[in-house]
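K.L.:
With these hints in hand, go ahead and build the complete structure from the sequences.
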Amino acid sequence: MKYFKPLLLALVVMLSSCNTVKVVTDYDTKADFKKYKTFAFYKTGIDKADISSLDKKRVLRSIETELLAQGFTKSDNPDMLVSIFTKSRRKVNVNQNNMGYGFGWGWNPWMWNGMNNNVNVTEYTEGTLFIDFIDKDKKELIWQGIGTGALKMQNVEKKEERIRLFVKEIISRYPPSQE
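Numbers -22 to -1, 1 to 157, taken from mature numbering (1 follows the signal peptide of the UniProt record, and there is no 0), label the letters of the sequence shown in order.
Just to be clear, a hint being listed does not mean it is correct.
Claimed, not checked - In silico DSS-like pairs for lysine-lysine, Cα to Cα no more than 27 Å straight-line:
1. Lys26 / Lys137
2. Lys136 / Lys15
3. Lys52 / Lys117
4. Lys52 / Lys35
5. Lys21 / Lys35
6. Lys21 / Lys8
7. Lys130 / Lys26
8. Lys114 / Lys34
What the hints assert, rightly or not - Across the chosen pairs, the derived CB separations fall in these ranges:
9. Asp10 / Lys35: 26 to 36 Å
10. Leu46 / Asp25: 17 to 27 Å
11. Val72 / Gln132: 20 to 30 Å
12. Asn55 / Lys35: 16 to 26 Å
13. Thr51 / Asp6: 14 to 24 Å
14. Glu118 / Arg68: 31 to 41 Å
15. Thr43 / Lys21: 17 to 27 Å
16. Asn55 / Lys12: 12 to 22 Å
Hints in this document: simulated from the structure, not taken from any laboratory.
Here a beta-carbon is modelled for each residue, glycine too, at the ideal position from N, C-alpha and C.
P.N.:
Pasting the structure below:
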């Protein structure tokens, strides 16, 4: 029983880490973020994103929803432009579990070498979404949010949910706290 709690904790951490989105942000420390009230999408930048047209629509809808929820207004004459960029790469995890069964940890007279050698190999795609806010007048990047996480989507609903999570986690870091 004393070993059950650490194993359960390790399992919970492993399962929850698959659902997390790691977010980092960067911004222009001289920018006055209070002046930005309206936005539009920067088509030239968005066209360069290496994802399907359907996923672009999903990302842009999610960004629009999050910005509107923050009080922004979509406009034909915006204060800032919003652009996206994406990257993805295949990742492989190899985990070896040398847990013995029987008398205490690591030794079992019924197993060869006294160990149970389990090797688990998992493959997944890690995706990175960059969301850029650009000052329309100066044509300068003022804020960038970068979200990275696993992309394991079996169906459209799960894919849309994952995209919404990525965007929500990234946009929640805007505006930066300037102290």
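K.L.:
Indicate, hint by hint, whether the structure satisfies it.
P.N.:
Results of checking the hints against the structure:
1. With a C-alpha separation of about 21 Å, the suggested pairing of Lys26 with Lys137 holds against the 27 Å cut-off.
2. At roughly 32 Å between alpha-carbon atoms, Lys136 and Lys15 are farther apart than 27 Å, so this suggested pair is violated.
3. Between Lys52 and Lys117, the direct Cα distance comes to roughly 18 Å. Compliance with the 27 Å bound is thereby established for this hinted pair.
4. Note on Lys52 and Lys35: the hinted pairing holds, with a Cα-Cα distance of about 16 Å set against a maximum of 27 Å.
5. Between Lys21 and Lys35, the direct Cα distance comes to roughly 12 Å. Compliance with the 27 Å bound is thereby established for this hinted pair.
6. For the given pair, Lys21 sits about 26 Å from Lys8 by alpha-carbon distance, which is consistent with the 27 Å threshold.
7. At most 27 Å may separate the alpha-carbon atoms for a hinted pair to count; Lys130 and Lys26 meet this at roughly 23 Å.
8. For the hint pairing Lys114 with Lys34, the CA-to-CA distance comes to about 21 Å; that is within 27 Å, so the pair holds.
9. In this structure the hint that Asp10 and Lys35 lie 26 to 36 Å apart at CB holds, the actual value being about 32 Å.
10. The supplied range of 17 to 27 Å is met by Leu46 and Asp25, whose beta-carbon atoms lie about 23 Å from each other.
11. The supplied range of 20 to 30 Å is met by Val72 and Gln132, whose beta-carbon atoms lie about 23 Å from each other.
12. About 23 Å separates the C-beta atoms of Asn55 and Lys35, a value consistent with the hinted range of 16 to 26 Å.
13. Restraint check, Thr51 to Asp6: a C-beta distance of roughly 22 Å satisfies the suggested window 14 to 24 Å.
14. Taken as a hint, the range 31 to 41 Å holds for the pair Glu118 and Arg68, whose Cβ atoms sit roughly 34 Å apart.
15. Look at Thr43 against Lys21: about 19 Å separates their beta carbons, and that is inside 17 to 27 Å.
16. Our hint of 12 to 22 Å for Asn55 and Lys12 holds, since their Cβ atoms are close to 19 Å apart.
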